[in-house]
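Oh and the sequence shown: position 26 is 28 in our numbering, straight run, nothing missing.
Any given hint could turn out to be false.
[To be verified] When the alpha-carbon atoms are kept at most 30 angstroms apart in a straight line, the in silico DSS-like pairs for lysine-lysine are as follows:
| no. | residue 1 | residue 2 |
| --- | --- | --- |
| 1 | K145 | K156 |
| 2 | K156 | K42 |
| 3 | K101 | K157 |
| 4 | K68 | K109 |
| 5 | K157 | K68 |
| 6 | K42 | K134 |
| 7 | K95 | K134 |
| 8 | K109 | K95 |
| 9 | K113 | K95 |
| 10 | K157 | K113 |
| 11 | K109 | K156 |
| 12 | K145 | K134 |
| 13 | K113 | K145 |
| 14 | K160 | K145 |
| 15 | K113 | K4 |
| 16 | K134 | K113 |
| 17 | K68 | K113 |
| 18 | K113 | K27 |
| 19 | K68 | K156 |
| 20 | K95 | K68 |
[Claimed, not checked] Pair ranges (Cβ atoms, derived):
| no. | residue 1 | residue 2 | range |
| --- | --- | --- | --- |
| 21 | S122 | K42 | 21 to 27 angstroms |
| 22 | K101 | T60 | 31 to 37 angstroms |
| 23 | F139 | A53 | 35 to 41 angstroms |
| 24 | N112 | V153 | 24 to 30 angstroms |
| 25 | D72 | L106 | 15 to 21 angstroms |
Hints are computed from structural coordinates only; laboratory data are not their basis. Predicted model only: the values in this text are computed from it and were never measured. Quick reminder that beta carbons are idealized off the backbone N, C-alpha and C, glycines included.
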Amino acid sequence: MKAVFPGSFDPVTNGHLDIIQRASKIFDQVIVLVMTNTSKQGLFSVAERQALLQETLTAYQNVTVKTAADHLTVQAVNQLQARIIIRGVRNVKDFDFEKDMAILNRKLDNKIETLFLPSSPEFSMISSSYIKEIAYFGGSLRKLVPASVEVALKKRLKINE
Numbered sequence: 003m004k005a006v007f008p009g010s011f012d013p014v015t016n017g018h019l020d021i022i023q024r025a026s027k028i029f030d031q032v033i034v035l036v037m038t039n040t041s042k043q044g045l046f047s048v049a050e051r052q053a054l055l056q057e058t059l060t061a062y063q064n065v066t067v068k069t070a071a072d073h074l075t076v077q078a079v080n081q082l083q084a085r086i087i088i089r090g091v092r093n094v095k096d097f098d099f100e101k102d103m104a105i106l107n108r109k110l111d112n113k114i115e116t117l118f119l120p121s122s123p124e125f126s127m128i129s130s131s132y133i134k135e136i137a138y139f140g141g142s143l144r145k146l147v148p149a150s151v152e153v154a155l156k157k158r159l160k161i162n163e
């Protein structure tokens, strides 16, 4: 069975990787779908985010990275001929938001199901927004993002060690 893990991944975090790794054990194929969040200003382009994810996920044989920058999630999932959307949830606030999105997605296409994977406790406080804030002020990201993402963030934000 094929599943899609959509997100902006701006940038990808160890929390995202935890969800991807766990989903890859459940599904035959996992497609990580880099999308645009119209309510946020992106730090990295869709192509840059895709490249960072591809570099990070080379060890996973059943995981691919694709983009759908100007599509609704359900449109992209249909184009990929999948029926499952994977969403990671860190807390009750995430769950409430994701539950509403799942209901809306089912209204748009009642053949699509959403599977919620709770974050592992060690990643439940990580968000891309927090990562950017920590990076901006020169904090250590070593336990929060892959090394390649830390390098890309420092370069983008012009931070010297």
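For each hint, the structure was consulted:
1. K145 - K156: Holds. K145 to K156 sits at ~15 angstroms (cutoff 30 angstroms).
2. K156 - K42: holds (20 angstroms)
3. K101 - K157: violated (36 angstroms)
4. K68 - K109: holds (24 angstroms)
5. K157 - K68: holds (24 angstroms)
6. K42 - K134: Between K42 and K134 the Cα gap is close to 13 angstroms, so the pair holds against 30 angstroms.
7. K95 - K134: Holds, because 20 angstroms separates the two Cα atoms, which is no more than 30 angstroms.
8. K109 - K95: holds (22 angstroms)
9. K113 - K95: holds (26 angstroms)
10. K157 - K113: Violated, at roughly 43 angstroms.
11. K109 - K156: Given pair K109, K156 is violated - Cα atoms ~41 angstroms apart, limit 30 angstroms.
12. K145 - K134: Roughly 14 angstroms separates the two Cα atoms, so the pair holds.
13. K113 - K145: At roughly 38 angstroms apart (the allowed maximum being 30 angstroms), K145 and K113 break the hint.
14. K160 - K145: holds (21 angstroms)
15. K113 - K4: holds (14 angstroms)
16. K134 - K113: violated (36 angstroms)
17. K68 - K113: holds (21 angstroms)
18. K113 - K27: The given pair, whose Cα atoms are some 23 angstroms apart, holds under the 30 angstroms limit.
19. K68 - K156: holds (25 angstroms)
20. K95 - K68: Within the cut-off at roughly 28 angstroms; holds.
21. S122 - K42: 21 to 27 angstroms: Holds, at about 24 angstroms.
22. K101 - T60: 31 to 37 angstroms: holds (33 angstroms)
23. F139 - A53: 35 to 41 angstroms: Because 25 angstroms falls outside the window, the suggested range is violated.
24. N112 - V153: 24 to 30 angstroms: violated (43 angstroms)
25. D72 - L106: 15 to 21 angstroms: 18 angstroms Cβ-Cβ, so the 15 to 21 angstroms window holds.
Violated hints for the displayed structure, listed by number in ascending order: 3, 10, 11, 13, 16, 23 and 24.
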